[in-house]
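Residue numbers (the numbering used here), protein chains in the order written: chain W, 1 to 453; chain R, 1 to 537.
In case anyone wonders, no lab produced these hints; they're calculated from the structure.
Just so you know, even glycine gets a beta-carbon here, dropped at the ideal spot from N, CA and C.
Check the hints yourself; a few may be wrong.
Just a few of them, taken from the derived set where beta-carbon distance is under 8 Å, the chain W residues facing chain R [said to hold, decoys possible]:
#1 Gly183
#2 Ala223
#3 Ser243
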Amino acid sequence: MRRSSPRLTPAALAPALARRSLLTLLAGTVAGALVPGRLGLPARAAVASSDRKFLFVLARGGWDPTWVFAPEFDNSSVDMPGDDSEPATQSGHTWVSSASRPSVDALFTNYGSRICTINGLVVPSVAHEQCSRLLFTGGTSPGVDDFQTRLASGASSHLPLGNVIFSGPSYTSPGATGVVRLGRRGQLAALLDGSCTDDTFPSLHLPTPSAQGIEDSLVAARASRASRAALAPASRGEQQLISAAYVAALADAASISELSDLLAGTEDDPLAEMLAAGVLLGRGGARCVTLADDGDLDATWDQHSVIAQQSKNYECLFGNLLALLDSLAATPGQAGGADGGSLLDEVTVVVCSEMGRYPQLNSAGGKDHWPTTSLLLIGGGVRGGQGIGDYDGNMGGTPVVLSTGELDPDGVHGGVLIEPLHIGATLLAIAGMDPVEALGPGAEAIGGAIEGG
Amino acid sequence: MGLVALAILSFLGCQPAPAPASVLAPLDPARLARRLSIDLRGVLPSLDELDMVDADPAALDTLREQWLADPLFEERIVQLYQEQWFTVVDGFVVSKDDYGISGPRNYEYVHSVGEEPIRIIARVIATDQAYSVITTADWTMASPTLAGIWPIAYPEGESGWQMSYYTDGRPAAGVLSANGLWWRYPTALNNNNRLRAAAIFKLLVCTDLLSRPVSLSGDVDVDQTDPSEAIRTDPACQECHASIEPVAATLFGFYPYNDQSAVELEYYHPEREALGPELLQVEPAWQGSPVSGLADLGLAIAADPLFGECAVRTIAEGLLRRELSERDAELLAAAGTSFAARENMKDAIRILTASEAYSAGGFTVLADAAVVAETSTRRMLVTSQLRSIADGLVGLNWSLHEYDQLDNDALGYRVLGGSVDGYDVFTPQRRPGLTSALTAQRVAEVTAALIVARDLGEGATPQLLYGVSAMTVPADPAFTDGVRAAYRRLLAVHPTDEDVAELTSAWQAVLDAGGTPEDAWACVLAVLLRDAEFVTY
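The whole structure should be built from the sequences, with the hints applied where relevant.
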């Protein structure tokens with residue numbers, strides 16, 4: 001047993017950061033603040049691009065845009081929801097409204113001015129794994145860093161938890177080091193405090209705090225030496241690179257104990273997970289956080305039958321997003337706090353799904369995969385109050401002039417279909433990075449989606 | 001070059017062309033032995049084995065043959081294929097509860113299902129069978145758990161993974177007849193096995209059809225276009241579907257009418273084989289050549305030159321721990337030639353592990369940036385390797401609720417330690433990160449504590465801390481000898497005097513801080529087990 005280490009009993013396994021404790025954390029964070037989602041948004045503050053943070057929410061499985069983003073009621077080629085859905089317009093957005101999805105209405109009503117909807121985004125595949133890779137990297141090649149990894153590497157200062165994955169996929173190049181997964185049950189916290197082995201080896205003599213300190217110091221010193229040394233007889237090699245990465249990892253691990261309350265998992269509670277992600281970004285622990293939403297009660301978004309499940313999924317997801325935006329808007333920003341800015345000015349929330357769904361129902365009452373979808377950009381650095389892009393009559397994408405965001409259906413003004421690479425370029429531009437340098441030729445940002453762009 | 005040839009060249013006034021200068025510097029023999037042992041057995045070499053290669057580097061050839069014959073080799077092949085076939089995931093559509101399996105046996109259940117196809121491959125390779133058997137075998141590999149839930153005849157009186165036989169009359173097609181493969185790569189009902197066909201192309205001939213861009217919009221009129229018709233007639237669709245559809249048509253014996261039903265998914269349904277051609281309106285074929293069914297498909301794949309090339313490529317990527325590049329063409333060709341003679345994967349492994357690329361430990365000054373970017377001179381241990389090494393050292397079994405904590409992600413640390421989960425993470429980590437460093441730390445500390453408990457207990461015979469007891473102090477020669485032996489065993493390097501001195505200082509510091517000798521030795525071992533030299537190979 002590790003002596004005098006706080007024991008994360010676990011049921012270590014089981015869960016740690018419950019919604020109640022998270023809300024307590026949040027209460028501390030936003031004490032005294034208004035809940036501006038309902039009462040009016042606070043003034044926006046100027047935030048340096050390099051200080052921006054990013055929260056990615058992936059609706060995993062492929063959402064159907066016709067339940068929210070694509071009010072194609074007049075298009076006989078598209079099977080729209082069979083409920084009370086109708087088009088609604090406010091704050092520069094037109095969406096599909098229904099009494100069964102009040103959170104969708106509330107999100108656009110309360111935060112429409114901070115939201116830019118991208119419609120007709122073409123993700124050129126119909127297989128989940130490939131679409132996810134495309135969505136996050138802009139291509140299908142393995143060994144390529146995703147946008148999150150690139151954004152984290154471009155932060156103005158080193159953050160020990162640069163790119164945190166609460167849940168969902170991550171794609172990296174062989175040399176990448178900055179991805180930090182929490183584990184589905186918050187395993188990272190148990191690794192940090194050493195409690196991970198307590199239940200298996202209850203009587204084992206593990207290091208005392210003083211012995212641990214001696215061990216840690218010598219490990220770091222030796223790794224540091226190895227990172228500088230040449231490995232005879234080779235003049236140079238990967239050993240030094242690996243050792244250098246190891247030194248950095250050891251230092252990062254030693255520096256995040258104050259964040260451990262946020263790393264202990266959220267009992268598979270999507271709302272708690274989303275709120276914890278916001279708090280983590282707010283406390284400066286990470287530049288990017290990614291989490292996957294698997295639908296209401298984990299029912300999945302991949303509805304090849306019973307498409308009506310989409311309604312419940314959207315209501316659940318948008319309800320959670322609403323709570324997230326409320327908390328971000330009520331939390332003073334790190335960079336702009338002095339002049340009234342909130343965390344929502346500093347965090348760009350990206351809400352996406354790896355694919356869309358075929359415009360028409362299949363024989364099982366579901367919808368199959370389709371490579372055109374929608375995406376939300378919300379908050380920091382985003383020119384809100386607008387939708388960019390559109391669906392054509394067949395639920396394909398419509399070309400857009402990227403610099404302005406204007407539609408160019410006939411392509412006579414240089415319009416192109418919006419693809420994931422353009423989304424990545426836009427996010428990098430919001431982060432103050434050079435998209436072409438990072439992502440290569442063709443990585444043109446959607447200027448019209450960027451605040452001041 | 002022979003003396004006669006040299007004499008002739010000299011007579012002609014020519015100098016022999018120098019051997020091309022290498023851009024790669026080799027590992028020293030002991031470190032190379034460590035790398036090979038980890039790759040082939042998943043454990044560290046013994047001190048005797050290290051001494052053998054120190055005395056004669058050519059002894060590595062002898063050791064290679066011994067290690068290829070070691071029972072642990074088969075387990076290593078399972079680990080290598082797990083990283084590339086992604087069948088060992090944490091859950092399947094059908095859960096253990098659907099089978100009424102009680103208790104916390106989910107780990108055993110999901111691993112049994114996921115490991116089935118890759119254990120067929122591992123058995124074929126380990127037992128020197130022709131590699132084509134993996135798509136033609138009339139047997140499978142089964143654990144008692146699989147035999148208890150699926151229609152499998154398992155040898156009586158045996159335990160563990162054994163060659164077994166399905167009893168539902170399914171065709172003899174090796175991995176193509178393994179439930180485990182199709183549970184990992186399922187088909188949605190209206191997908192009609194297309195995703196499964198794409199998996200066959202990717203896993204068996206290394207052709208990733210799904211990575212090709214799809215464009216369904218643009219000219220497509222959803223009112224006028226029947227998607228299944230477009231798949232058959234649209235030239236853009238046909239670029240992939242011309243290959244996919246005829247393969248998908250062979251898989252309908254595995255087509256479930258209910259894709260959530262255990263019974264539907266565990267049995268082969270021969271009466272549904274005819275559904276494929278009917279639903280897909282295409283005759284079964286492999287790359288344009290007609291096949292008569294699943295067994296015939298297995299034969300056709302095995303006869304495809306791409307099959308052997310893909311097999312060698314897969315194992316090469318696993319051993320070199322990187323993507324291959326054009327620079328590897330010569331090596332792949334050599335390994336492929338060796339493999340093809342007997343369809344024996346060990347022959348390819350012999351060529352690969354004796355190569356300059358495999359043995360590289362660093363770069364010479366001649367290496368340019370491209371070489372540096374495309375070559376791996378040092379690998380990082382990932383979770384499965386940490387697990388097997390610690391098991392080999394001290395029998396580490398870090399399990400909780402019967403979950404191996406280094407081999408699952410539901411409760412454990414597989415991905416956090418740098419491995420893949422086949423669901424969200426598909427590339428093993430190549431560089432240490434925060435979570436892999438922490439995982440290595442916790443494994444190191446537990447392993448160190450277990451070694452100390454074993455080696456320094458009363459009446460114990462030390463197996464790593466040779467000649468050391470709890471009473472040994474730095475002034476005793478046995479102390480330094482013990483440190484040196486442990487260092488050598490764990491890192492395959494002789495320690496310098498400075499190394500020994502700083503470890504001795506750490507030992508003393510723990511004691512001075514109120515720790516016991518056991519604490520102090522555990523600290524020394526944990527430092528070594530967390531060393532940058534240890535967590536790499």
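| message | Does the closest beta carbon of chain R sit nearer than 8 Å to the beta carbon of W:Gly183? | response | holds (6 Å)
| query | Measuring from the C-beta of W:Ser243 to each C-beta in chain R, is the shortest one below 8 Å? | reply | Constraint on W:Ser243 satisfied, holds at 4 Å.
| request: For the hint on W:Ala223, just tell me whether its beta-carbon gets within less than 8 Å of chain R. | output: Holds, about 4 Å.
When each numbered hint is compared with the structure, no violation occurs for any of them.
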